[in-house]
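There are 2 protein chains.
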Amino acid sequence: MTTRRLGSAEEDQLTRAERDIGARLGERPFDFRAMAATSNICRAATSIRNHMEQRVLAGYGLSWSAFTVMWVLWIWGEQETGQVAAETGTTKGTLTGVLKTLEGRRLVLRSAHPDDGRRVLVRLSPRGLAVIEEVFPLFNAQETFAASALEPGEQEQLAHLLRKLNARLDAPNGDGVDTGLGAPYVRGRTTMGPRAV
Amino acid sequence: MTTRRLGSAEEDQLTRAERDIGARLGERPFDFRAMAATSNICRAATSIRNHMEQRVLAGYGLSWSAFTVMWVLWIWGEQETGQVAAETGTTKGTLTGVLKTLEGRRLVLRSAHPDDGRRVLVRLSPRGLAVIEEVFPLFNAQETFAASALEPGEQEQLAHLLRKLNARLDAPNGDGVDTGLGAPYVRGRTTMGPRAV
DNA sequence: CGCGGATCGTTGGGGAACGAACGATACGGC
DNA sequence: GCCGTATCGTTCGTTCCCCAACGATCCGCG
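Keeping their order, the protein sequence lines are chains A and B.
Going by numbering that gives the first Met the number 0, the final residue of the first sequence carries number 196, and the count climbs one at a time with no gaps.
Going by numbering that gives the first Met the number 0, the final residue of the second sequence carries number 196, and the count climbs one at a time with no gaps.
Quick list of in silico lysine to aspartate or glutamate cross-link-like pairs, DMTMM-like style, CA-CA up to 20 Å:
#, chain 1, residue 1, chain 2, residue 2
1, A, K163, B, E153
2, B, K163, A, E153
3, A, K163, B, E155
According to the in silico footprint, chain A covers these stretches of chain B (three or more CB under 8 Å from chain A):
#, stretch
4, 29–42
5, 46–59
6, 136–143
7, 151–159
I should point out that these hints are in silico values taken from the structure, not numbers from a laboratory.
Using N, Cα and C, we set each Cβ at its ideal position, and we do this for glycine too.
Hey, can you work out the whole structure from these sequences and the hints?
Set out below in structure tokens:
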């Protein structure tokens with residue numbers, strides 16, 4: 000093994016992919032520390048989400064987005080749809096569709112804003128409340144399973160490091176219009192911008 | 000506003016969302032440690048991916064999946080499409096579409112397997128090689144930016160913790176058919192072969 | 001050989017998500 | 001009071017992705 004740029008102390012812990020990458024790119028001046036951190040974040044998030052969708056949410060016919068919306072309404076109560084969109088990390092247009100689905104299944108209720116005719120308030124229906132109160136314990140149990148690879152102190156340290164990283168990414172360029180309350184289980188975008196090349 | 004700068008002391012603390020969650024669910028016997036770890040992973044991954052798509056990939060008209068495929072071909076060279084699908088974490092069907100797009104843009108080349116008529120080999124075209132060699136340094140520079148919220152030692156520790164967590168999630172039930180080489184920037188769900196549920 | 005089962009890549013349908021454009025509503029300058 | 005501007009939620013068109021079939025190909029066994 001001829002990799003030397005990567006951390007030599009804990010090479011035993013590197014994944015096979017990371018070793019191959021070091022062998023392929025090790026001579027180039029890349030930031031392998033940052034690469035290891037960010038790529039493992041992406042990988043972990045994908046694994047967690049797949050795990051949850053398959054083990055918990057599929058049994059209730061809930062998409063990740065739908066679960067996230069219900070979670071936000073559960074924690075913070077009735078809200079305007081714009082706030083929910085910001086907190087769940089989706090666009091307003093997407094949220095309209097998600098809410099339509101949830102409303103069709105009688106899990107959420109829409110109501111007009113008392114003072115502002117443009118706004119719409121959303122809240123969990125009694126049935127939606129029952130669902131999230133049943134689903135989330137299962138969800139949390141799977142979180143426990145995933146985190147059980149780490150000691151409690153390690154779990155806290157992981158969260159601590161990620162919070163610092165998130166603080167940097169959430170507000171990179173000014174303007175205090177941050178993503179709202181910062182709901183944890185955010186959902187990401189998928190599209191790209193203009194076509195080039 | 001840029002004037003609203005949180006002191007580093009506060010950044011150690013929980014996010015506003017986490018405090019609200021504690022206020023809302025604190026009385027219930029949930030695993031808040033695991034919740035903090037997993038939810039911050041999801042949040043960080045979303046932020047990273049959005050950041051990369053907007054700052055780097057959009058300028059080249061590359062989707063995250065397309066970038067991941069090109070990255071795999073860059074590191075591991077010519078491969079069968081099935082291997083690429085497994086390593087990038089997409090289904091075979093999705094990969095067909097991605098490869099069709101990339102082939103239409105002359106970034107990858109398909110060729111028949113010499114021995115097995117069912118299989119198809121994929122590799123980067125010279126133009127695709129030029130693109131990934133131009134894009135990845137920019138990508139890595141943004142990784143550096145994201146990770147700059149942490150000290151080098153913290154970056155390594157973060158990667159270390161995530162590797163342990165990934166190891167647990169990647170092979171929970173040993174049907175042995177792991178996800179291949181374990182490409183870092185995985186996307187979507189890994190092709191789940193048999194019906195597990 | 002020849003046939004049945006297994007494996008591979010492709011296809012088509014449906015769901016999710018984004019961005020841009022649209023009507024409806026609220027607010028402020030005149 | 002009125003009209004231009006801003007904001008809010010919805011709709012529309014596109015892109016992306018998963019999944020369940022499907023045809024093509026390979027392999028083992030009689």
